[in-house]
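Participant: Listed below are the residues making up each chain.
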Amino acid sequence: MQKDTDSAVIQEKLKELYHLIHQCQEERNRSEHNLTNIAKTHERMQHEQKLSPYYKTKLRGLYNTAMQDAECEAELLRKALDVIAEVRTIRNERRLAAKKSERPKETIRRGALMKMLQQNALTLPLWIPKDDEKPPPLCGAVPAEPNYVAKAGDMVASLVKGPDGDENWILAEVITYNHNTNKYEIDDIDEEQKERHVLSRRRVVPLPLMRANPETNPDALFPKGALVMALYPQTTCFYRAVIHEIPEAVKEDYQVLFEDSSYTEGYSPPLSVAQRYVISCKESRKK
Amino acid sequence: MKGKGKGKDSTDSKECPLQFPDFTPTEHTRVCPRFTAVLQRTEEIGVGLEDIDALQLEIETLLVSVTKRQKQLDQEMKVLISWQEKKTPGKLQPESTGKRSRPDEGKPTKRFKDASGKAHPLTGGGRPKKNFQSQAKFQEYEFSDSPVELSRLPKNDAPNRFWASIEPYCAEVTQDNIKVLEDLIKTHEEDAEYYKIPTLGKHYSLKWAQEDMVEEQKEGAKTNDKRRGLSNNSSLNSTDAEKILKKVDKEYESDDTSPFGALTQRLVSCLIEENLMASLEDSMVDTDSKDNIDDSSSPNPGKGGFIRSLNIGNTTQLEKRIRQELKEQGILELDDVTTENPEDEVLAELRKCQAELKSVTTQNILHAKHLLHQAKEEMKKQELRKKLLIIDTEVMEVYKKMASARQKKKIPTKKEKDQAWKVLKERENVLKQLDS
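Note that the protein sequences, when read in sequence, are chains A and B.
So the first sequence is numbered by full-length UniProt numbering: it starts at 1 and just counts up by one.
So the second sequence is numbered by full-length UniProt numbering: it starts at 1 and just counts up by one.
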């Protein structure tokens with residue numbers, strides 16, 4: 001039943017998205033006219049080598065229109081993105097519910113899991129500032145607020161004691177958070193190890209909820225040379241690493257050097273890790 | 001469009017702070033294939049779940065470009081407004097439209113659209129200049145009366161000061177600059193003096209002792225003269241002094257350290273060692289040499305006496321002679337000639353300082369030469385630029401001539417055409433040279 005209503009909602013949302021996209025394009029078409037006008041005026045102004053007040057006023061008018069158009073367009077695009085995000089949350093909730101009810105589900109193959117993680121990282125919402133907003137917590141390298149509590153279904157890195165006693169930072173998903181004991185119940189993302197862990201919040205680090213745009217918010221990225229914890233490619237474990245190169249475009253990843261004593265320099269060659277799977281390094285190492 | 005008007009316009013365009021950014025919207029057909037595909041679908045097909053990943057990325061791209069555009073527009077707008085407001089009264093710049101429109105800022109753009117569409121009554125585009133200026137003057141008076149204008153008047157000369165401080169760094173390279181550089185390089189040629197190592201002088205303790213003696217002797221002579229008025233004693237005194245000095249000398253020699261140079265010591269020790277190794281019996285017989293060894297190897301008080309007993313007057317002289325001899329024999333390499341006493345701290349310090357000086361001067365020379373080279377290059381470019389300026393004015397003259405001819409509906413003569421072509425080609429040549 002729940003499933004049916006959910007999919008109905010999703011269908012509804014997708015329809016909304018369809019209309020929004022069309023509206024976006026209409027808005028874009030509308031503003032395009034004005035923008036070409038601006039370009040033409042620019043050209044003429046530069047050509048004339050002389051700026052009469054007439055042109056200045058004209059330009060101001062054009063700019064004002066363009067700004068309003070851009071605002072409308074941005075609003076529609078944001079709405080579309082919101083709808084997409086909503087669809088995602090609905091799907092995620094459905095998945096969580098399914099997981100709760102019938103625990104032993106079909107296990108995902110490792111390759112598929114890795115692909116899914118990559119896709120998750122890629123579709124992590126991009127944070128696009130309105131005006132001059134500062135990047136919010138959990139956007140890129142911006143840490144969470146001290147009393148932040150990860151929601152159910154959020155991805156986290158958590159320090160888990162393995163069967164042979166050694167501790168590892170693993171990629172996990174939050175099941176619940178107990179406010180009385182201040183402990184998370186988390187689920188290893190690698191479902192081969194089917195066990196839940198109950199960990200104090202100190203051992204759980206929420207992953208970024210948004211990507212930072214290197215072009216507009218380079219300050220929300222880890223700087224080059226920063227010590228971080230990053231998900232080692234093709235694994236579900238976080239290891240200490242040093243940022244080698246920061247992403248330059250929205251779709252690019254970090255290049256990081258993992259601490260690895262099997263290499264003579266003590267570091268692995270540069271490996272790419274998505275923004276989502278790079279978090280600031282917890283200083284407390286296992287002692 | 002001539003005379004005063006033109007001059008003002010040219011400065012105007014120079015001052016134009018606008019960037020004229022490119023506001024061309026993102027080409028969605030190229031950058032966002034899925035977005036475009038969805039646009040072409042009918043409503044029944046709509047959007048599928050499989051589309052949302054790609055769509056999200058594409059919409060994000062679009063949104064980024066829009067926000068970027070918003071930012072740029074905002075910036076340009078601010079520049080435009082402040083530019084329109086900033087005109088100083090002395091400039092005779094028609095401000096009317098800028099000032100008038102200021103209060104409208106917050107209001108919808110419709111009015112602006114009107115203004116741009118219908119051409120504002122105050123500032124028609126193709127209006128004759130004369131009219132324009134008188135209008136401007138009129139406006140100017142109006143504004144200098146307004147209190148807003150007055151309150152903004154306090155002049156800020158920070159920009160001027162800033163540019164004045166920058167000026168020396170952007171000034172043209174002159175012949176003087178090059179001369180300074182050349183002189184700078186030349187001064188280093190006279191550095192050789194600093195690399196000389198003076199010959200080892202007398203040890204300061206000796207020198208001081210001598211000086212003290214001479215001084216005391218003089219003092220003594222004076223008192224003697226006064227007391228006895230005899231001149232004989234003074235000569236006696238001087239011989240006394242010499243004696244004492246010699247004594248000091250000897251004392252110095254009898255110091256633990258051997259007065260002989262490194263080479264002398266090495267040479268002698270070589271000979272002795274060999275003697276010793278030859279055979280034990282020999283050494284037993286040859287008591288003299290054995291004694292020698294004992295004496296020289298043990299720092300007993302007899303050592304000084306032994307050395308004195310050798311009665312070699314000038315040890316440094318001996319050392320020099322040995323060196324000379326060794327060199328002539330070809331035993332000593334030329335490099336070894338410079339080997340100095342390793343314990344000579346003063347020399348070591350001197351060497352160190354010289355090495356430092358050398359590295360510093362080589363660096364300096366290197367940089368100075370580099371600078372000189374660049375300055376010379378820049379000079380050449382400056383020449384070219386000057387030439388270009390001249391040619392540019394020529395081009396403008398020719399152009400003006402042609403334009404006026406055209407206005408009078410005259411066809412330019414062949415001569416005029418040729419001249420135009422010539423000047424243009426010259427200009428191109430200079431530009432090429434500048435680029436290369």
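Hint data in this document are derived by calculation from the structure and do not stem from the laboratory.
Careful: at least some of the hints might be erroneous.
[Unchecked claim] Simulated crosslink set (DSBU-like; lysine-lysine; CA at most 35 Å straight-line):
#, chain 1, residue 1, chain 2, residue 2
1, B, 414, A, 130
2, A, 40, B, 222
3, B, 422, A, 15
4, A, 224, B, 68
5, A, 13, B, 68
6, B, 410, B, 400
7, B, 400, B, 387
8, B, 432, B, 400
9, B, 381, B, 409
10, B, 400, B, 202
11, B, 387, A, 134
12, B, 222, B, 243
13, B, 68, A, 251
14, B, 68, A, 134
15, A, 224, B, 71
Participant: Determine for every hint whether it applies to the structure shown.
Facilitator: Here is how each hint holds up against the structure:
Between residue 414 (chain B) and residue 130 (chain A) the alpha-carbon distance is near 63 Å, which puts this suggested pair outside the 35 Å criterion. Restraint check for residue 40 (chain A) and residue 222 (chain B): not satisfied, since their Cα atoms lie roughly 107 Å apart, outside the 35 Å limit. Of the supplied pair hints, the one linking residue 422 (chain B) and residue 15 (chain A) is violated, its CA atoms being roughly 69 Å apart against a limit of 35 Å. With a C-alpha separation of about 25 Å, the suggested pair residue 224 (chain A) and residue 68 (chain B) falls inside the 35 Å cut-off, and the hint holds.
Restraint check for residue 13 (chain A) and residue 68 (chain B): satisfied, since their Cα atoms lie roughly 28 Å apart, inside the 35 Å limit. Between the alpha carbons of residue 410 (chain B) and residue 400 (chain B) the distance comes to roughly 13 Å, so the proposed pair stays at or under 35 Å and holds. Taking the CA atoms of residue 400 (chain B) and residue 387 (chain B), the gap is near 20 Å; set against the 35 Å cutoff, the hint holds. At roughly 25 Å between alpha-carbon atoms, residue 432 (chain B) and residue 400 (chain B) fall within 35 Å of each other, so this suggested pair holds.
Of the pairs offered as hints, the one joining residue 381 (chain B) and residue 409 (chain B) is violated, with about 41 Å between alpha carbons and a cut-off of 35 Å exceeded. For the given pair, residue 400 (chain B) sits about 87 Å from residue 202 (chain B) by alpha-carbon distance, which is inconsistent with the 35 Å threshold. At roughly 52 Å between alpha-carbon atoms, residue 387 (chain B) and residue 134 (chain A) are farther apart than 35 Å, so this suggested pair is violated. Only pairs whose Cα atoms come within 35 Å are accepted, and residue 222 (chain B) paired with residue 243 (chain B) is accepted, the gap being roughly 20 Å.
The hinted pair formed by residue 68 (chain B) and residue 251 (chain A) meets the criterion: a straight-line CA distance of about 17 Å does not exceed 35 Å. As the CA atoms of residue 68 (chain B) and residue 134 (chain A) are separated by approximately 16 Å, the hinted pair is consistent with the 35 Å bound. Taking the CA atoms of residue 224 (chain A) and residue 71 (chain B), the gap is about 27 Å. The hint holds against a cut of 35 Å.
Consistency note: the structure conflicts with the earlier hints numbered 1, 2, 3, 9, 10, 11.
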